[in-house]
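Could you put together the complete structure from these sequences and hints?
Line order of the protein sequences matches chains A and B. The first sequence begins at 1 in my numbering and counts up one residue at a time. The second sequence begins at 1001 in my numbering and counts up one residue at a time.
These are calculated hints, taken from the structure and not from any lab test. Note that the structure is predicted; figures quoted are calculated from it, not measured. Keep in mind that a hint or two might mislead.
As the list claims (entries may be wrong) - Below, a list of computed lysine-lysine pairs in the DSS-like style, where the Cα atoms sit at most 30 Å apart: (1) A:230 <-> A:453; (2) A:432 <-> A:449; (3) A:491 <-> B:1092; (4) B:1092 <-> A:506.
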Amino acid sequence: MKMLKRVVMLTLVAASVGAVLLTGCQGGQGAAGIKSGKGYSMFMRSTYIDWIKELKWYDEAEKRTGIHVEYVRGPEEFADCYSEVDQRIISKNLPDAVMTKLTQTNVYGPQGVFANLAPYIKKYAPNLQAYIDANPDYRKLVTSPDGAIYGLCKETPIFADFIGYRADQFAKAGVDASKIKTVEDFTDALRALKKHFGKDNRNYYPLCGRDSVLRFAAWFGCASSISAEKSGGVYINGHYKDGSFDIMNEDAYAMMQTMNQWYAEGLINPEWVAGTTSEADWESAMLNGNGSVFYDYYNRAEWFMENGGPNSDPDYKMAVLDFLEDGKGNPMKVTTSLKYNDEVVTAVNAKVSEATIKAILKFIDYFYGKDGIILANYGVEGQSFKLAADGSKEFIVDYAKEEAAAAGDKRWSFLSDRLTVCKPVDNVAFFKWNAPLISEAAGRLLVDKNLLKSYTLKFSEADSKELSNLVASVYAAETAGMVTFINGSSKLTPKSWAAFQDTMNKKGLRRIEEIQHEAFVTTYTK
Amino acid sequence: MPSKDNRRDGATVREESFLRRAIRDIGKNRILYLLMIPGFAMLVLFKIGPVFAMVISLQDYSAAQGVLGSRWVALDNYIRVFKDPYILTIVKNTLILAVLSIVVVFPLPIIFSLFLNEVRRKWVHSAVQALSFLPYFISAAVMVSITYTLLSPSYGIVNEVIVACGGTAINFMAKPSWFRPIYVILEIWQTFGYSSIIYLASMTAIDLEIYEAAEVDGANRWSKMVHVTLPSILPSVIVMLIISVGNIFTVNLDRILLMYNPSVYPTADVIQTYVYRIAFQSTGFPDYSYGTSVNVLKSLIAFALVVGVNKLAAKFAETRLF
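See below:
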């Protein structure tokens, strides 16, 4: 009897361990979704889901369409999201729809993971079909060689980084911002600021920022580029805008000289150059007076005004500088966001029923129709906007008040740079939905003469893999090398720069440019 | 001389008797075998099973097509590894970190535990042991944050002292030459307490009569430590050394990623960070097969090193792990 008890106990223990193991092996949500055809499940980056849940217009869209989306939370980091898509494919655990990237839909679509939406768009989404027909660049991008559409790219507002500065500090240091036209003027302004604020503060560096310090290439005319003729520098993975540079461009040497000068004179935060500062360090430097100028996301100047600036200094005042010019008065065009974001693509699980595909496309299609465009960009008439006498729409809700709502609270918000639903973007509405400081700057600066055009590139599977591997080693090596030239640990001379260029080409930079150029020609000229 | 047939018959007889013995043994010790099932299941599911997944290094693996459906490419990925111009840099960086870890980090817990063993006051012994063990539970993120704070050129206490002494602040975390020393110091800080517990446990098993005999022979405390304690814990030291050598290519990825910045790429980029970038931080389509090939090669070299050290240990120290 005693032995029997022991056996039973041990069996229970073994069974429990087995159950725990099996539970651990089980996935989350399956592909079952919502069967009624009145909704669907969608895997998405968790941050986007949190934002969607705060949007009043989104709730209204679900009410109007009668379609509910059950979101499946993904990781916060984009790269982790794409990895999870892979894992869900492996474990056959894809929800009805997923946020993925174009390279994944291009490869997994033909392999049977994602549904070919082309026939269903024709059948169920007339507004979306009209949009595709009216935008040949978009059609080329989302259509595979056999005519299938495995994923829909998100449209994004076109914007560039702005040069935000502490207007109050400029005034105190006797710097006239309107006189800053060229990089030389900008450097002189930094010197004046350093002289004024740096004399008693060893931690004061006028130019500061976050992420990569290699963000000024466009000011020198050496941003990475792509055209039917050639490709310069690493262009993919967001480097058409952030971290954009082309070391083979003849102006890149001048950029290195200037940045080295900034570093040597203490005009740029050395910890930022080194890459050892966090975003919070930058924010605190801008708030506590240890920094005066940055070149960052378009609405960051307003962010500092709303997030403690005037509390830390009653004189605190941010402003946005004009973009710089070359010595002849020509604007130095700046890098911009992509119109079609290949990293935020909506794809549909090939295993879902036609009813579910219909629900997904009906929901998306609503946002390509007249009512949906107004709803997603302005909200509801009488609640968030009104029609002016000339027929234009004016927001009647306050941007600052709405955006200051506590996390999780419902609000009117129209920040279309985030993914909500795959939908077209009204650029005018996007910039209207900002504080006066940013709206004014956007109207003044975001004009064609100031902006470089960015292109989304489409690669074959083999090219995409080769490119990924090359970029993994080359971009890191380029960044590391340039930082050593800026901080002076490598002496910058024409000879050492040429040797650096040569090393990077040997590591694979030239091959990267070849693949990118080939993709451009295939995507846009054939 | 027995005929071939006779030999086969003999083998069959031996096989049957083995089977019968095995069945009898399982029947006799069924409780023990039952207890073994969860552990064995874990071993198969999470250790042995994934080894077979390494077959994707011989494929052009696609998550959609799976191991059975993906295209076979023979040794193409391995050939690519040897042709990759960046491989030499990352292998060099990995090896330097690994060798530093063994040469600098490995002996310290041995020395520490030898001295701690000599502490006679029990509460001092326990307190030091507990304090040294504490960092083992600190996560890499917290540990690196503390390091950043201590070494910050703007407000870090180390640089405050340097500046107060008339020096210039140093951005330690941005100097490629400082990356390895800082990594090794953090490795020591985090692991030496844990490792020393293993040696201290071995020391408790040493027969006290040996010490008494040494005392009779006139040995002082130093002599007893060198000639009694150290040789007695040698099997544990060898086992730990073999494990360390087995992990020679396995640097602490979390710590490196947290300490990683463009300034230290020349010394901080190692095999794991490279594989991580290819497979999980891919700029385009992830190349799982190539990443796996790099890792398989890494594992094979580590395995060869473990076997080599094991043989050397058997030959020179008369002890071995397997």
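Going down the list of hints, with the structure as the test:
Distance hint between residue 230 (chain A) and residue 453 (chain A) is fulfilled; the C-alpha atoms sit about 15 Å from each other, no more than 30 Å. The hinted pair formed by residue 432 (chain A) and residue 449 (chain A) meets the criterion: a straight-line CA distance of about 21 Å does not exceed 30 Å. Taking the CA atoms of residue 491 (chain A) and residue 1092 (chain B), the gap is near 24 Å; set against the 30 Å cutoff, the hint holds. Between the alpha carbons of residue 1092 (chain B) and residue 506 (chain A) the distance comes to roughly 19 Å, so the proposed pair stays at or under 30 Å and holds.
In this structure, every one of the numbered hints holds.
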